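2 protein chains.
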Amino acid sequence: MTLIAEAKKMHFSEPLPLQSGLVLGAYDLAYETYGQLNADKSNAILICHALNASHHVAGVYDNELNNVGWWDNMIGPGKPIDTNRFFVIGVNNLGSCFGSTGPKDINPQTHQAYGADFPVVTVEDWVDSQERLVSALGIDCLLAVMGGSLGGMQVLSWSIRFPSRLQHAVVIASAPNLTAENIAFNEVARRAIVTDPQFHEGHFYRHGVVPHRGLRIARMIGHITYLSDDVMNTRFGRGLQRAKMALQAGEGNGSELDFLYTTQDVEFQIESYLRHQGDKFADYFDANTYLLITRALDYFDPARMHGGQLSQALKDTKAKFLVISFTTDWRFSPARSQEIVKALLDNRCAVTYANINAPHGHDAFLLEDARYMTVVKNYFEQL
Amino acid sequence: MTLIAEAKKMHFSEPLPLQSGLVLGAYDLAYETYGQLNADKSNAILICHALNASHHVAGVYDNELNNVGWWDNMIGPGKPIDTNRFFVIGVNNLGSCFGSTGPKDINPQTHQAYGADFPVVTVEDWVDSQERLVSALGIDCLLAVMGGSLGGMQVLSWSIRFPSRLQHAVVIASAPNLTAENIAFNEVARRAIVTDPQFHEGHFYRHGVVPHRGLRIARMIGHITYLSDDVMNTRFGRGLQRAKMALQAGEGNGSELDFLYTTQDVEFQIESYLRHQGDKFADYFDANTYLLITRALDYFDPARMHGGQLSQALKDTKAKFLVISFTTDWRFSPARSQEIVKALLDNRCAVTYANINAPHGHDAFLLEDARYMTVVKNYFEQL
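The listed protein sequences correspond, in order, to chains A and B.
Per this note's numbering, numbering of the first sequence is gapless, rising by one per residue and ending at 383.
Per this note's numbering, numbering of the second sequence is gapless, rising by one per residue and ending at 383.
Just so you know, the hints here were simulated from the structure itself, not pulled from any lab data.
Bear in mind the structure is a predicted one, so any value in this text is a computation, not a measurement.
Be aware that one or more of the hints could be misleading.
Note: identical chains are not told apart, hence a pair may lie in one copy or across any two.
[Claimed, not checked] With a cut-off of at most 25 Å between alpha-carbon atoms, the simulated SDA-like pairs for lysine to any residue come out as follows:
1. Lys41 <-> His207
2. Lys315 <-> Leu257
3. Lys79 <-> Leu3
4. Lys377 <-> His203
5. Lys104 <-> Gln264
6. Lys79 <-> Lys342
7. Lys244 <-> Ser20
8. Lys315 <-> Glu256
9. Lys315 <-> Trp330
10. Lys280 <-> Glu201
11. Lys9 <-> Gln338
With the sequences and hints as input, model every part of the structure.
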């Protein structure tokens with residue numbers, strides 16, 4: 001049975017105080033829901049999204065049957081998060097470019113698009129805004145909050161900021177903060193965007209242009225870090241792009257091909273893949289959103305206000321946790337998930353932890369993997 | 001005793017056939033020598049450089065006492081490569097921007113700078129040109145050829161192309177070819193340069209500009225891959241740049257500082273470090289050279305013409321090998337060095353292999369490390 005999704009929007013007129021000290025006036029949140037909220041409103045699961053995703057978590061739109069939600073393998077009728085049992089909420093984060101208020105929207109103070117003037121939002125700000133949506137939907141206590149990567153950080157933050165509002169916290173392929181190397185990759189991506197002459201200090205909308213060059217570079221860097229070295233070698237290796245094309249055309253395997261000896265044209269398959277990913281991304285993603293979301297990643301560090309003690313940051317947490325990592329994830333390595341597990345155990349919290357042996361690197365949290373899906377399915381079946 | 005270096009240049013009028021099928025007409029090689037060639041010319045060691053280095057390997061210039069050679073900790077009087085015993089040759093590779101013929105030089109066919117028309121050069125082409133220099137210096141057989149990273153690839157190539165012209169091959173922090181991930185990082189760096197509007201399809205010299213933006217991004221990406229995650233966390237961690245400045249000014253350790261909440265200004269120390277490295281590099285390095293040298297890295301793959309069998313590629317090698325890797329080098333991991341060692345052992349070659357436990361990542365091959373230096377020193381003392 002195909003799940004038909006419907007994008008909704010909710011307006012909030014009460015200003016939102018941000019971690020930065022600034023205040024966001026009225027704003028909208030785009031969201032979707034799947035399944036039915038039960039009578040005592042005890043079966044709601046909130047899904048938090050990562051870098052470039054949105055509130056469109058599962059299903060398709062009836063007028064866009066190819067537009068499949070980003071976690072459709074995880075959520076739906078009969079799936080690990082079974083929408084026959086659970087009421088699932090997908091929400092788009094503030095600052096995004098997919099429906100919730102963000103840099104492309106009109107700044108009421110200037111009557112022009114916010115652009116780079118959109119306030120810096122943090123994981124905590126997102127969680128605060130999500131809490132208002134959940135309240136507006138009439139839900140006092142979520143059965144679970146769940147997310148991968150940056151989404152997992154939001155789950156952690158939920159358990160800290162609203163310990164009584166969730167029963168279960170599902171943190172996948174995440175970390176309690178970014179390492180210097182993580183920040184470094186984000187910074188290079190941001191510099192590529194900001195130094196693109198078409199960025200126009202973040203007000204490129206007024207100029208009718210898009211900093212495509214910078215967005216492409218940012219996305220290419222991102223993709224390298226989402227994949228494991230192993231899966232890159234398996235999928236692309238040192239294969240020549242022309243060899244792949246020869247194979248597809250039934251003209252041999254290209255093993256005898258000489259190099260093109262070029263510095264600018266595509267030679268290796270991995271180059272073609274990265275360029276394609278960069279081009280696609282630059283066509284749909286907003287540059288200011290990219291800056292905001294990578295910065296939210298950089299800033300997240302709940303232990304910071306507790307002298308670096310994550311267990312202190314989590315001391316009031318009441319939720320039961322499911323923490324999942326993937327062996328080949330070098331962006332958010334299993335060791336980072338294990339820091340979370342340790343801090344929870346220090347607080348005698350209930351934790352289920354699985355380190356899934358998967359070849360796909362950080363991307364694994366989005367992919368079909370029988371062991372991974374089974375862990376999630378079993379966890380939710382017992383609830 | 002300070003070693004005083006003197007940059008020299010040698011002209012070659014015999015055209016050099018390149019792997020691409022093109023031919024480079026007359027060309028110059030910049031080089032330096034340290035120590036004295038002995039009477040039977042049996043004490044010469046050739047040093048091959050990596051990505052952004054040059055022929056200035058050791059010592060200082062008498063009019064530039066701060067301009068220290070890039071491997072000065074390794075080479076000099078009483079050092080692991082002792083110039084009191086050995087005659088050491090540093091050579092700048094073709095296509096570089098430090099003295100040997102490259103993209104900034106005049107193309108005799110157009111009477112303008114080569115720019116992007118400089119032919120693609122490979123590791124094999126460099127080795128062929130180096131062999132001519134060695135011959136011109138009157139040396140039949142080198143005591144050793146030595147290099148790190150891309151320099152190590154040149155050493156491997158020497159042992160394959162001119163097996164009778166070297167007695168020892170010293171391959172440090174290198175690999176028999178690049179992985180897909182290595183190529184991916186190079187490709188992103190190249191795209192950043194090529195898509196910089198000031199690149200002007202490689203003919204920016206004519207426009208009196210430099211693609212600084214692209215060069216900066218390229219260098220920032222490079223620096224991330226030169227360092228280990230561990231050393232980044234130790235040196236920078238999540239430290240704020242303002243905290244560092246407060247500490248330097250004796251104004252506390254900045255632990256109470258709030259974030260700036262900025263997407264474009266420097267917040268973390270790692271950002272300041274990367275921006276500084278990018279700026280420095282963009283001021284002195286040539287964009288076309290960067291494309292050429294990263295492409296030479298991508299193309300190097302001596303096993304390719306032997307069905308992927310490295311041991312076949314090395315079957316005529318006669319040199320004795322010293323192979324060194326570093327435990328935290330994730331750019332050219334120890335496993336890649338071990339592939340070389342295995343292929344040599346398959347051919348019953350003499351190999352000494354050391355995997356140095358060092359925290360510094362790929363950069364370790366350039367750094368002072370007692371165990372590393374001792375391994376090299378002991379190897380050369382017994383010769």
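Status of each hint after checking the structure:
no.	hint	result
1	Lys41 <-> His207	neither (48 Å within a copy, 67 Å between copies)
2	Lys315 <-> Leu257	between (61 Å within a copy, 23 Å between copies)
3	Lys79 <-> Leu3	within (11 Å within a copy, 71 Å between copies)
4	Lys377 <-> His203	neither (45 Å within a copy, 58 Å between copies)
5	Lys104 <-> Gln264	between (34 Å within a copy, 18 Å between copies)
6	Lys79 <-> Lys342	neither (30 Å within a copy, 47 Å between copies)
7	Lys244 <-> Ser20	between (50 Å within a copy, 21 Å between copies)
8	Lys315 <-> Glu256	between (62 Å within a copy, 21 Å between copies)
9	Lys315 <-> Trp330	neither (28 Å within a copy, 36 Å between copies)
10	Lys280 <-> Glu201	both (23 Å within a copy, 23 Å between copies)
11	Lys9 <-> Gln338	neither (37 Å within a copy, 57 Å between copies)
The structure does not agree with the numbered hints 1, 4, 6, 9, 11 stated previously, though it agrees with the rest.
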